[in-house]
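Participant: Working from the sequences, and respecting the hints, build out all of it.
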Amino acid sequence: MAIISRGFTGRRSATDAKLPPGQYLTTDFPVLSAGPTPHISLDRWEFTIDDGSNILQRWDWKSFRELPTENITVDLHCVTRWSKLGTSWEGVSLDVLLADTKTDLPYAMFRSYGDYTTNFPLKDVTKKQAWIAFKYDGADLEPEHGGPARLLVPHLYLWKSAKWIKGMTLMPHDKPGFWESLGYHIYGDPWQEQRYSDE
Amino acid sequence: MAGTTVLGRVTWRSARVVGLHDETATARTLAFTVHDWPGHVAGQHIDLRLTAADGYSAVRSYSIASAPRSDGRIEITVERLPNGEVSPYLTQEIMVSDELELRGPVGGWFVWRNNQTEPIQLVAGGSGIVPLMAMIRSRASVGSTAPFRLLYSVREPAAVFYRNELRALSNHDHSMIVTYAYTRVAPEGWPRPPGRIDAKLIASETWSPKLRATTYICGPTSFVESATELLIACGQDRARIKTERFGATGGLK
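These protein sequences, in sequence, are chains V and S.
Per the numbering used here, numbering of the first sequence is gapless, rising by one per residue and ending at 267.
Per the numbering used here, numbering of the second sequence is gapless, rising by one per residue and ending at 1571.
Hints are computed from structural coordinates only; laboratory data are not their basis.
Predicted, not measured: the structure shown is a model, and the values here were computed from it.
Warning: the hint list may mix true and false statements.
[Said to hold, decoys possible] Selected chain S positions facing chain V (Cβ under 8 Å, derived; list incomplete):
| no. | residue |
| --- | --- |
| 1 | T1344 |
| 2 | A1370 |
| 3 | A1376 |
| 4 | D1416 |
| 5 | E1417 |
| 6 | V1424 |
| 7 | T1539 |
| 8 | I1550 |
| 9 | A1551 |
All residues carry an ideal CB built from backbone N, CA and C; glycine is no exception.
Facilitator: Structure representation (structure tokens):
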């Protein structure tokens, strides 16, 4: 039973119904990162897919940008409780990147420049659910928002959409990435309010 | 949502307001005693939940300002945001002996543990001082001799949190150094004219890169970005820099 806060009325918004539990709307685009923003030049950028022992696929910026792209409009939900609706991105679907990779490994760890990691069941980053995005609102993605390219997995909390992405490792078993080993939820579904590790 | 039978970090606990005092004209420290509080590490935060009479509730996260204690008492300092939903209530309405709910502690990255002995560089922008103050208080409460240095960037003298306590802690301890950098208004006779932190200030008022300090930077995003870039340009190892950014997310329209 909740404790009523004497004299607290709060402010209800008409759009709250579209938000996952415990979230509130923002119109700006806050930044959350654990450390310094890396600045990665396009001529040394690459994205690789490996299985823990061998590199299975590799793209440099030029070959990555030759892949077919999609325009994506999605809602973002950050574990720090802000949500931002209707954000526009351009990116390459993970379905495209994984098209030539035959694997039975059911999990993936995504890796970033700056050593950030985050984990997923592979089924959460296929079938039009995840992209490597390089444009936001029609412009090249700023470094502080993850440029030159970031992962975008909008159906999970935004810490899963790793900035400064550089690769993914396919894994036989799930294991926690950076925030997932520091007290945040292993999966992170905002609609189930899976914020913290024992939630 | 966690059930009330499971006692963990994510369980909502009842908390009673046991102390209030204003830090500045717009910021207030709230002290709570928390039922079954599991303890915290300096730098961690809590989720705080307010519930209206009709059941509507709002949750916000606040950094803990106090050092870990054994009696379940914690403090937060809240800056009032002009269009905030929760901060005006916490800084103006709430009274001693009121009850609310909170849970935590949360966060295992931006923390200082009292077994860390290396030099520590703290860089605060405005109310970003709060989790860094928890680290300073934690160091003092366990008698740690880890060399600490705080660079505190703040708009004007009247906006400084914890000034007397910072003075007392640094006066009696030569390995606790506090430097203020005023951005808009400096006290009369202050050696540096008001302005944003810059390369010269970083070079003279932070630990030399040779000391391999761990650095904690907390403040608004733009402050954290520029402070981080200046420290790296000055030779600090980027792998030893931890950041906590807060955007302008509280003043919701």
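Participant: Just to be careful: measuring from the Cβ of I1550/S to every Cβ in chain V, is the smallest value less than 8 Å?
Facilitator: holds, 6 Å
Participant: Against chain V, with CB atoms and a cut of 8 Å, does the hint on A1376/S hold up?
Facilitator: holds, 5 Å
Participant: Please check whether T1344/S passes as an interface residue: C-beta within 8 Å of a C-beta belonging to chain V.
Facilitator: It is violated, given that the least Cβ distance between T1344/S and chain V is near 19 Å, above 8 Å.
Participant: Have a go at the E1417/S hint: is there a Cβ in chain V nearer than 8 Å to its own Cβ?
Facilitator: Given a least distance of 5 Å, the restraint on E1417/S holds.
Participant: Should the interface hint for A1370/S be scored as holding, given a Cβ-Cβ cut-off of 8 Å against chain V?
Facilitator: holds, 5 Å
Participant: Would the hint on T1539/S stand, with a C-beta cut-off of 8 Å toward chain V?
Facilitator: holds, 5 Å
Participant: Holds or violated: the hint that A1551/S contacts chain V, with Cβ atoms closer than 8 Å.
Facilitator: violated, 11 Å
Participant: Does V1424/S pass the interface hint, meaning its C-beta sits closer than 8 Å to a C-beta of chain V?
Facilitator: holds, 6 Å
Participant: Closer than 8 Å between Cβ atoms is the bar; does D1416/S clear it against chain V? Give me holds or violated.
Facilitator: holds, 6 Å
Against the hints set out earlier in the document, violations occur for numbers 1, 9.
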